[in-house]
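Undergrad: Chains as they are written, first to last, in our numbering: chain V, 1 to 328; chain X, 1001 to 1358; chain A, 2001 to 2518; chain Z, 3001 to 3334.
The reader is advised that the hints may include incorrect statements.
[Unchecked claim] If we take Cβ atoms under 7 Å as the criterion, some of the chain A residues that face chain V in the derived model are:
id, residue
1, Pro2102
2, Glu2103
3, Leu2104
4, Val2126
5, Ala2130
[Claimed, not checked] Only some residues are given here: those of chain V computed to face chain X with a beta carbon under 7 Å:
id, residue
6, Pro128
7, Ile271
8, Trp304
9, Ala307
10, Glu309
Bear in mind the hints are in silico, worked out from the structure with no lab data behind them.
Bear in mind the structure is a predicted one, so any value in this text is a computation, not a measurement.
The C-beta atom is built at its ideal place from N, Cα and C for all residues, glycine as well.
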Amino acid sequence: MSAAAARPAADPRPGWRDRRELVLVAVTAASAGAVGIVNPGFLTVENLRFVALNSVVLSIVALGQTLVIAMRGIDLSVAPLMGLSAMVCGLLAQTHGLPLWGAVGVALAIGLALGTLNGVLVAALNIPPIITTLGTYSLFGGLTFLYSDGTQVDQVPPAYAAFGNAGPLGLPVPTPVLVLLLVTAACWFALGHSRFGRAVLAVGNNAAAAYNAGLRVAVIRIQVYALSGLLACLGGLVFVCYTGSATVTTGTGDHVELQSIAVALVGGTLIAGGRANVLGTVLASLFLSTVLTALVFLQVPPIWYSAGEGLMILVAVRGGTRRAAGRA
Amino acid sequence: MDMRAPAAADAATPRDGRRLPVGGWELALTALLVAVVAGFGAAAPGFYAGPASLLGLTENFLPFGLVALGLSLVILTGGIDLSVGAVASLSAVLAAQLWSRFGVDIWAASALGVAIGALLGLLNAAVILRLGIEPLIATLGTSFLYGSAAVAAAGAAPPSGFPASFTAVGTGTLGSLGPLAGLVPIQLALFAALAVLFSALVARSPFGRVLVMVGYSPDAARYSGIRTGRVLATAYAVSGAMASLAGLVLASYYDAVRPDMGDVLLLTAITMVVLGGISIFGGEGTVAGVVVSVLVLGFLRQGMLIAGFSDMVTTMLTGAILLASIAAKNLFNRRGTGLANQIWATIRRPEPPRANPN
Amino acid sequence: MSAQRDADSAMPGFYAAQGIRKSYGAIQVLKGISLDLKPGRMVTIMGENGAGKSTLFKILAGQVPPTGGTLRLAGAPVALASPSAAHARGIYLVPQEPALLPELSVAETMFVGALPTRGGPLGRRVDWAAMRARARAALDALELPIDVDRPARTLSIAQQQQVECAKALLRGCRIILFDEPTSPLTSHEVEHLFSIMRRLKADGCTLSFISHRMDEVLEISDEIAVLRDGVLVDVVARPSFDRARLLSRMVGRPLKAVPRRAASNARDEVALEVRGLSDGLRFADVGFSLRRGEVLGLAGLVGAGRTEIAETVFGVRPAAAGEVRLGGAVVTGLDCHAMIRRGLVYVPEDRARHGAVLPMTITENVTSGLLDRVRRRAGLLSARDEARISAAAVRDFRVRCAGLDQPLRELSGGNQQKVVFAKWMTTGPRVAILDEPTRGVDVGAKEDIYEMIDAMARDGMALLVISSESEELVRLCDRILSIYEGRVVAELSGADISPAAVARSYLTAAAPSGGVAA
Amino acid sequence: MNRRRRSLGGAALALALSVSPLFAADGAMPDTAKRIKVAMVPKLVGLSVFKANEQGAIAEAKDLNIDFLYTGPVTASAQGQVDVFNSLIARKFDVITTTSNNPTQLAPSLERAMKAGIKVVAYDSDVAPQARDFFIQNTSYPAFGKALVESVIKYAGPDAKIAILSSTPDATIQNEWIGAVKSYLAATYPKVQIVATEYGQSSPSQSLTAGLNILQAHPDVTGIIAPDGAAVVGAAAAIEKLGKTGKVFTTGASNPDAVRQYVKSGVIKETPLWDEVKEGRLVLYVARLAADGALKDNDTFTAPGLGTYEVKDKVIVFSEPLVFDASNIDQYKF
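Looking at chain V on its own, in the form it has when it is part of the complex (with noise of 0.2 Å):
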């Protein structure tokens, strides 16, 4: 303690390195511009927005992920709940007929039930939140395959394939990404600038002291799986409208649940909890993107795409980690 008492007061104002979001555009437009010149055809217009819609849902998922992991807990029930979402809807949406504003209510309502049931089992009956996540991610699973008894979603309804695909009102930027920037938007909001989310950086810093201060921490916990599950949920609708597909294991067999993790702390977030950055973590997902198809522009074999992902996540965690070493 000694050690601390004396050590030198750190420059308080961050440095071009801390702020994770220059870095990422930087990065992302040093290789947008990269492969673009190796093959032009990454450069289109069409091509980017693709790029673009490729990044909503996973961007969306791990946006709730940031939150939980901002909060020092970590949501591996993402995918699951990604899956169960889009199954639900586009099943009810493929058979019934359900309007969209319906599947809307449905995937929020479900999103919210069953996040706030990992919210329970975490601030409540006290259970790490990897393993309460760990068993809800089979739960839900479970949920998912016995809810669709082995069927897929092949087609769905016109207006989610509008939704999906198509700009509002004819605009010419999807719905999805207008939903993302929206969720982006109140994340940004929530965590930056409102008392919630302060309250769920305090209770990621440092819970004890959260309680002390007089903070609902099991309440705050509670609403932030809430959140994640909600946004999970979101994401699932969004991926139904804009694939048109779902089956068994969407979410869980593109392991959503690691990839919203790996996104979230490659912009930014620190995984110990107490920090988070909200566009870091939209970013991170866009830059995934543009690398993924870069790979398949740079006609790099498809067996190597993963590889690619795990070394970003090295390389950028390691980015992060060395400037919060110096935290006792």
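Use these hints to put chains X, A and Z onto chain V, whose structure you have.
TA: For chains X, A and Z alone, kept in the frame of chain V given last:
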């Protein structure tokens, strides 16, 4: 006062909790195991068709147990290894390719495979220690890398059709050792031997002692002169070696390799370790608990499948058991702060001794 | 008591505990405490470790519910369901080491749980400008020059406490409790804290604090309450303070005068020699030699670099320059694993973090110092041999415990420390570094530990003792080095050694350079 | 819920079969006296094509006095299938029918089943020959390869640049088909160039991403051969999203329900498959024959309502490819 003089053992030789690594948790799990086996034996026709078939069921899940044993060491240090699945695939694929493309003897190739697994584990440790990255993230990253490498190494037609002596590991019994031994699958014998080894390792070996110490308190371990980096590296290497052993047993069991064959191992193995009573925060828990939990979850799954439940229902039940057991454990654990825990404490423990000067 | 008291007790800021009891299971920690805290007065709580001081404070601050008894605020009974309920009633507990919110700014940590907001187009949002301005104002009011935009992780412990005081005022709390605030502080920092306390007192705040340091207590208190075994055994008001009486009340028996050690056991043979040692950061050019049987003290302010010197010698912290010789052989740069094998051991200051593994058993802790010496069978540790070593250690070091497999965390601080001693001394070291060997140890066990240290020296062990208590160094050491800001500034030996001389040796070094880092 | 859509209407419309039902009297005949237990284990339970097999199998089971069970893993994993086989062995099923995720990994478990007296009938995707009694091949590989090529090249032209979007690099049946596609191309359309091969991991969404990537990275591609149910859906969705309908053509191996919208919108002009519902019926018929021991390694038999089939070295070819297009797709619901 000469502190170095050997003193006779205290007259009232105190019991040593770690000599017999069995506590309430392990006993509860054992009861659950008995209930599962007896329950399915009675209710699911085909589950019990003689001792040989019952023991034979273990062939279907013991590779998970092998991974769980290795993973136990890592989790005891307070770390985690998400790369076990990819390590299992990669090392099994590499061993199989050594055998099929380069004509290496299958047993030599297997030995090399285990060595490769240990090396991959060491690489994990290097990423964690040298780059200072949290184990969760480090092994997440390396699992992507190893997975890609496994796909690349496997090619379009991964090797299959191993020599019969090799496939016997996955599906054969110890029949040649006598009629009774014929009941015992080779996998089970392998697992039992390793279970005893790991149990002794953790409970009574110098390595196990420092492992637990590092798990409880890395700082205190370091100040006690323990080279914590080496301990961690060893734990991750053993985890890697055990994962690759599991991969090889799977290869033998399926008589083939695939680059994604290890993927299923991870979540189940973590569940086994945690249900076995090893704390995700490190230090606490026994290998005996993990061994029993491997059997509980394994027989449960086999029983459910034989009773006609689908794969997914079985997985759901596993998840529910994990949550319920950890919740129950939290309520009653001495270290917990829950209400039930306090009640439990007053019932169970006399007043802890306080050292007040008279 | 009577009418006057009744009238007083209705005053705002008059906070009274009446018959407060607290049990954990079958253990009674507080057995009916009645205590009055009054506006404009500082009431100090003294008592041995385990007397129930911290528990009492936690109850007063709403962190722990009492098992029985009543709390009265300005005469009316109050029930405090949580710390925030206490804050709402103006009661604030400043913890010894305030819990950090490392990634948040100083201003935000002051307002956490009560961030100011303003309306905006998107609904209510945190009013950062107002928050910063108010935080700055609160710090200015206490004349604390701390930048409110700094991340909280960059604050020193003293600064964290200062911020906590400002925080209490910000929340309108005028009943402020300090749980042992001074022990991690340097004496300059203590002075600063006291000046804040005096200012608060003059301002009419109700104050109370816990301390072990008699000099401090006598300096700052208006009233002293002594707790022993959960019972309030004495309350004395200012003019009638009496050091000896307080001490005897605390321990429940008259205390012998602290003796100066009788005779040196030092032999000629040099066991440890340090030359020009620097770590390039916290200390520089430190040199000394330590002979067998000698007890060398390191005196200085907390934060002077003494622990860092010890850790560097021991090998858990890298050296930038200099040389360490152990029994004549150069051992600079070796890690502590190698040092232990060469007979150098270190009893660290932070027992819970570095010294012992509290969830592990006594036996496991005792043998963890050097597992090599435990006999093996087939590569496994012999349980019998371990039990033998552990039993001998428990006996020789007078550890009071229920059994050898009792987890260490169930023992009192003093007994834990004895186990840590046993862990190292049973490895047969030639040199031992003892860093604050009696920190968190009650008075009775303290004396045991002193006797053990004497015995070790008699056995020819070379000992380096770091202590912030001058009396302790005087009691134990043959020779004392004074460390100030990472440098040896004085050496005392023989008849020169006295508590006053020890304190003077580093404080005079402090004086010329002006203010020590705040 | 999918069951509601079950209809045998499509199956009733007989196809032109390679073998006409003339020699029915010679063939093996089932003996339906004894009730038997037959399990159908698809690659995974979540795919509509396999549900279509189940649909046919359930209908046939009634007529053949069979206790029928449709079960399988949730993900397309050989391990999951083996778990299911093991449980079926323990439950003493008479016949296991399966389409394999991996021919070699399933073999030991199926061989154990055969040792326990259980008949094994593989369909769709084969297992190692020693691990099954019979194999029902959907269509012959060269025929299917030809159908795949024709249904794209007809529209994209004989000098088109095309891409292949498959499931995984080691998927047996896909690799057989891709091999057949390549040899047919070499022989018939030597000017056609395959410029990219990507994999969608049998996931519609990953196939979509892969499809988008192919089209963006290779703007001159005018045809995508996607011989996998998920892959063709992904490729079609990608073409539609990029507004390249009518400029790029795709084809694959998908059930009509999954591609109906794309066939109608013209993204897919033609896509070959076979009648999955009927195939399910045939699987059960062969299962019954196998259980009765009535079928020899080389044999012929006539299944009522299905046609006459020839067994050649334990392999039965189910049918010629059935090519769906806008004119006929509504006759098939599966």
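Undergrad: Each hint should be assessed against the structure and marked as holding or not.
TA: Hints, one by one, checked against the model:
The beta carbon of proline 2102/A comes within 5 Å of a beta carbon in chain V, closer than 7 Å, and the hint placing it at the interface holds. Because the smallest distance between the Cβ of glutamate 2103/A and any Cβ of chain V comes to about 4 Å, under 7 Å, the interface hint for this residue holds. For the restraint placing leucine 2104/A at the interface with chain V, the shortest Cβ-Cβ distance is roughly 6 Å, inside the 7 Å limit, so the hint holds. Annotation: interface hint on valine 2126/A holds; nearest CB of chain V at approximately 5 Å, less than 7 Å.
Given hint, alanine 2130/A at the interface with chain V, is violated; its Cβ is 13 Å from that chain's nearest Cβ, farther than 7 Å. Nearest Cβ of chain X to the Cβ of proline 128/V: about 5 Å, under the 7 Å cut. The hint holds. Satisfaction of the interface hint for isoleucine 271/V is found here, the shortest Cβ-Cβ separation to chain X being roughly 5 Å, below the 7 Å cut-off. Interface restraint check: tryptophan 304/V against chain X, minimum CB-CB distance 5 Å, threshold 7 Å, status holds.
Checking alanine 307/V against chain X: minimum C-beta separation of about 3 Å stays under 7 Å; hint holds. Residue-level restraint check for glutamate 309/V holds (minimum Cβ-Cβ distance to chain X is 5 Å; threshold 7 Å).
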